[in-house]
Amino acid sequence: MLCPSRKGETGTVNINRILQERLNPHRAAKKEITTQGRILREGDKVMQIKNNYDIRWHTDDKTGEGVFNGDIGTLLAIDFKDGVMTILFDDRKAVYPLESAMELEHAYAVTVHKSQGNEFNCVIMPVFNVIEQLSYRNLLYTAVTRAKSLMIIAGRGSDVKRMIDNNKKTRRFSALRYLLEDE
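Taking the UniProt record's numbering, the leading residue of the sequence shown gets 1, the next gets one more, and so forth.
The hints are simulated quantities; they were obtained by calculation from the structure and are not laboratory data. Quantities reported herein were computed from a predicted structural model and do not represent experimental measurements. We treat Cβ as the ideally placed atom computed from N, Cα and C, and that holds for glycine. Certain hints may be false.
[Stated by the list, open to error] Distance condition first, Cα-Cα at most 27 Å in a straight line; then the derived BS3-like pairs of lysine-lysine:
#	residue 1	residue 2
1	K114	K148
2	K81	K31
3	K30	K81
4	K93	K50
[What the hints assert, rightly or not] Here are the computed distance ranges between Cβ atoms for each label pair:
#	residue 1	residue 2	range
5	G83	D61	21 to 29 Å
6	N118	Y53	35 to 43 Å
7	L176	Y53	22 to 30 Å
8	K161	D91	27 to 35 Å
9	P25	G83	21 to 29 Å
10	K161	E181	37 to 45 Å
Please put together the full structure from these sequences, using the hints given.
Below, the structure is given as structure tokens:
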């Protein structure tokens, strides 16, 4: 599921909470760790939210280091005795110290922005009351182009039309230009 934003009823924070309850509910046999108000549970779909060049991974025939912002995987195991958790990213198994759990978020639903660079067989995008700053054509285009086989847009036609009709991304105002001029 790809959402325009993190906040609100159809934002990733709320949808991830709901989808975790439905798709990977609490079970006595599944270990859990709580970090930053999130419960990460064995079997959860997770996303790395910050580059970490120190995490070691291996496949059947090679090893390496580094897990990067936007990598999506499945939390396979939590080992409290050894203080580690194992996450499967495609064919790479990565072993994390439990302290690195704060670098993970649920990935049942991710923002369109965070999905860039990924592809999914099926994408569902909720388009209800999207805030004006995110109601633009390029955001919708990015979401649609993440889907390999099936794209489902759930929402009101008027909200989708507003996104299609708006080809101007909201401009950000910063002092960067002035800071660069001082150099």
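How the hints compare with the structure:
A hinted pair counts as satisfied when its Cα atoms are at most 27 Å apart, and K114 with K148 qualifies at roughly 17 Å. Distance check on the hinted pair: K81 and K31 sit about 12 Å apart at the alpha-carbon level, within 27 Å; holds. Of the pairs offered as hints, the one joining K30 and K81 holds, with about 15 Å between alpha carbons and a cut-off of 27 Å not exceeded. Straight-line distance between C-alpha atoms of K93 and K50 comes to about 17 Å, which keeps the hinted pair within the 27 Å bound.
Checked against the hint of 21 to 29 Å, the pair G83 and D61 passes, with Cβ atoms roughly 28 Å apart. One distance hint, 35 to 43 Å for the beta-carbon pair N118 and Y53, is violated here, with the actual separation near 20 Å. Roughly 27 Å separates the CB atoms of L176 and Y53, a value that falls within the hinted 22 to 30 Å. The supplied range of 27 to 35 Å is broken by K161 and D91, whose beta-carbon atoms lie about 41 Å from each other.
A hinted range of 21 to 29 Å for the beta carbons of P25 and G83 is consistent with their spacing of about 26 Å. Between K161 and E181 the CB atoms are about 41 Å apart, so this pair conforms to the stated range of 37 to 45 Å.
Hints 6 and 8, counting from the list given before, are not met by this structure.
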